[in-house]
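K.L.:
The lines below spell out each chain.
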Amino acid sequence: MAIAREAEPVGSLHEVKEAGLDREDLLGIYRNMLITRGVEERGHILYKQGKIPGSFYTGRGNEAASVGVATAMGPDDVGTPLHRDMGVHITRGVEPWKIFAQFMGRIDGPARGRDGNVHMADQNLGLIAMVSHLPAMLPVATGCALAFRIREEPRVALGWFGEGASARGDVHECMTLAGTRKLPIVYVCDNNQWAYSTPTYLEYATEHVADRAQAYGFEGVVVDGTDVLAVYREAKRAVEKARAGGGPTLLECLTLRMEGHAVHDDAFYVPKVMFERWAESDPVERYRSWLRTNAEMTDDEEGSIGEQVKALLNEALRRADESPLPEADDLTDGVYATPEELETPHHK
Amino acid sequence: MTEMTYLQAISDGLRTEMRRDKRVFVIGEDVGVYGGAFKVTLGFQEEFGPWRVIDAPLAETAIVGGATGAAIMGLRPVAEMQFSDFVSCAWDHLVTIAAKQHWRAGTPIPIVLRLPSGGGFSGGPFHSQNPESSFAHIPGLKCVCPATPEDAKGLLISAIEDPNPVLFFEHKHLYRRIKAEVPEGRYTTPIGKARLYQEGTDVSVITWGAMVYTAEEAAQQLGDVSVEIVDLRSVMPWDKAAVLESVRKTSKVLVLHEDTRTGGFGAEIAATIAEEAFEDLDAPVKRIAAPDTPVPFSPPLEKAFIPQVEDVAAGLRELAEY
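As given, the protein sequences belong to chains A and B, one line each in that order.
Just so we're aligned: 158 in this note's numbering is position 158 of the first sequence, and the numbers increase by one with no gaps anywhere.
Just so we're aligned: 14 in this note's numbering is position 14 of the second sequence, and the numbers increase by one with no gaps anywhere.
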């Protein structure tokens with residue numbers, strides 16, 4: 001039996017307006033979802049062209065969850081998005097050409113070729129670069145929330161994890177700390193139903209991951225992660241509750257992994273019927289159709305947003321491809337930070 | 001100058017920084033109300049309040065990962081592991097995140113981990129280890145191992161000021177046993193600079209932490225051999241120049257540490273001496289370290305594990321007569 005609250009879908013435009021979004025915001029969300037998908041689709045092409053070293057991961061099917069949550073963040077809030085959360089980077093304003101440069105190991109990628117994939121973040125946009133040990137980022141997000149509490153700042157931290165990562169002890173430890181100290185944090189679980197090849201019934205024995213929240217003394221909410229507006233509404237509630245001193249929330253977005261774990265994985269273990277069902281609930285198409293029906297998105301508007309995104313990504317690809325590969329002669333630089341690097345307003 | 005124990009000097013250094021810089025805060029198990037398992041933070045919560053001296057749940061990953069997040073947000077966390085042995089629980093957060101974040105993402109992580117380490121009082125396999133070499137091997141971390149009260153205070157202040165993750169190995173067997181004059185007020189001791197603990201001309205001992213005193217006592221037993229003791233004070237970065245200078249002076253060298261032998265940091269020092277000062281040596285480099293076993297509990301076993309004064313004296317004698 002579910003313990004977490006199961007959130008209702010978002011229906012009318014009126015309801016959306018009550019959640020704080022005007023029509024321009026709604027089209028902006030659509031644009032961010034298209035950019036998110038487009039960046040990853042073009043990443044796939046780059047991979048097939050042999051331009052991306054190593055492997056390549058996408059968050060196809062997770063666009064509503066990542067864009068919806070990031071839209072609910074305030075300008076001074078921070079987060080630790082993972083590799084299915086490209087939409088967070090896009091919504092916070094990371095420029096796509098830098099992402100392509102990152103994918104290709106070029107010098108203009110945020111990690112300057114030292115790390116690949118979505119192992120990147122622009123700290124000026126409130127994002128912290130992930131590591132491959134996914135649940136290890138949650139204690140870091142919790143530490144950000146601890147800093148806000150110590151300094152009594154009205155800021156919120158968001159930590160992302162998957163239902164696979166939820167098995168790790170890190171998750172338990174930091175939720176224990178956040179619950180006991182009522183820290184201003186939202187834990188966002190992107191439950192895409194597969195941890196590589198492992199299905200949910202071998203990952204956790206409760207009905208929902210969010211059911212666990214009760215054990216840590218805070219609220220758990222389950223939302224349809226293909227419904228960007230419902231995700232936004234629930235994330236906004238959780239963020240503002242944390243900001244007001246109401247403590248953490250565990251927000252579980254039930255989402256999809258429309259591709260394999262990474263490019264090398266054909267996901268033969270996922271039942272075919274599941275892929276068919278996922279195709280029907282594609283979050284980008286779902287939102288497009290909602291906008292047409294409920295927000296009177298016109299052919300012109302839809303076409304123009306699509307064209308803008310296409311132009312943006314084409315230009316981004318061109319610019320990224322001009323970015324040089326890194327030189328090996330500074331490989332050993334920067335193992336240690338220098339004192340001057342702490343002479344920033346942020347660290348003073 | 002005030003006479004202080006090694007433990008009081010650590011408290012004094014920490015208190016000095018917390019009074020000076022409100023970004024500095026302490027987090028760990030039992031550090032607040034109880035004042036820490038060894039009482040290093042006794043009275044801190046009364047002075048600085050519960051949000052700067054934070055009693056954490058028994059959750060090392062939340063403590064170290066949390067310290068990392070708070071540091072990225074501009075604070076200067078000093079996290080205590082109740083025993084250095086427990087840092088194994090937070091390996092990921094230290095090694096996977098904190099150590100690599102600056103190199104790969106350009107984010108400085110100014111955190112200090114206080115790690116009560118070392119044996120000598122039947123703490124057994126899980127309360128006695130000296131894990132500094134495991135972390136010295138990780139690019140991006142600094143490892144500090146003070147031997148004297150003066151250095152303990154100065155190096156702790158330097159560690160807090162440092163923009164990198166610093167592991168501060170404080171030797172438990174020195175806490176109340178070692179007492180010395182400590183300068184008043186704030187001062188820093190540079191990380192990566194060795195100190196010539198004792199000048200000599202016949203044999204050099206390269207060591208750190210509690211073994212400095214073992215070397216000193218051994219040297220006293222050998223009235224006719226002039227022993228030079230180089231206290232490294234930090235093993236990462238380590239003062240290669242000071243070691244090579246001493247080796248060139250005496251031409252005979254004993255590398256001594258309380259950690260186990262194979263892959264211990266002494267191996268790195270011996271290899272460097274072989275690479276860079278081979279022509280200056282009059283004898284093979286000698287290592288004295290603990291055997292490759294876990295730290296034993298029962299007193300006769302622990303005595304056989306930790307290098308003793310007699311072992312070091314015999315090693316020095318052997319080198320002197322080579």
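No lab work stands behind these hints: they were computed from the structure.
Every value quoted in this text rests on a predicted model; they were computed, and no experiment measured them.
Virtual Cβ for every residue (Gly too), placed ideally from N, Cα, C.
Among the clues, some could well be false.
Unchecked claim - Simulated pairs of lysine to aspartate or glutamate, EDC-like, Cα-Cα distance not exceeding 20 Å:
1) B/179 - B/202
2) B/303 - B/276
3) B/303 - B/245
4) A/48 - A/322
5) A/182 - B/55
6) A/182 - A/152
7) B/22 - A/152
8) A/310 - A/343
9) B/240 - B/217
10) A/51 - A/343
11) A/182 - B/310
12) B/22 - A/153
13) B/179 - B/217
14) B/22 - A/343
15) B/179 - B/216
Claimed, not checked - Derived Cβ-Cβ restraints for the label pairs, each shown as a range:
16) B/322 - A/338: 50 to 56 Å
17) A/310 - B/74: 37 to 43 Å
18) B/196 - A/340: 26 to 32 Å
19) B/139 - A/343: 52 to 58 Å
20) A/325 - B/244: 35 to 41 Å
21) B/244 - A/330: 43 to 49 Å
22) A/262 - B/74: 34 to 40 Å
23) B/177 - A/262: 52 to 58 Å
24) B/139 - A/324: 23 to 29 Å
K.L.:
Against this structure, judge whether each hint is valid.
P.N.:
Right, here's what the structure says about each hint:
no., hint, in the structure
1, B/179 - B/202, "29 Å, violated"
2, B/303 - B/276, "34 Å, violated"
3, B/303 - B/245, "33 Å, violated"
4, A/48 - A/322, "19 Å, holds"
5, A/182 - B/55, "14 Å, holds"
6, A/182 - A/152, "13 Å, holds"
7, B/22 - A/152, "13 Å, holds"
8, A/310 - A/343, "40 Å, violated"
9, B/240 - B/217, "25 Å, violated"
10, A/51 - A/343, "38 Å, violated"
11, A/182 - B/310, "55 Å, violated"
12, B/22 - A/153, "15 Å, holds"
13, B/179 - B/217, "16 Å, holds"
14, B/22 - A/343, "16 Å, holds"
15, B/179 - B/216, "15 Å, holds"
16, B/322 - A/338: 50 to 56 Å, "44 Å, violated"
17, A/310 - B/74: 37 to 43 Å, "40 Å, holds"
18, B/196 - A/340: 26 to 32 Å, "31 Å, holds"
19, B/139 - A/343: 52 to 58 Å, "24 Å, violated"
20, A/325 - B/244: 35 to 41 Å, "38 Å, holds"
21, B/244 - A/330: 43 to 49 Å, "27 Å, violated"
22, A/262 - B/74: 34 to 40 Å, "35 Å, holds"
23, B/177 - A/262: 52 to 58 Å, "55 Å, holds"
24, B/139 - A/324: 23 to 29 Å, "25 Å, holds"
The earlier numbered hints that this structure contradicts are 1, 2, 3, 8, 9, 10, 11, 16, 19 and 21.
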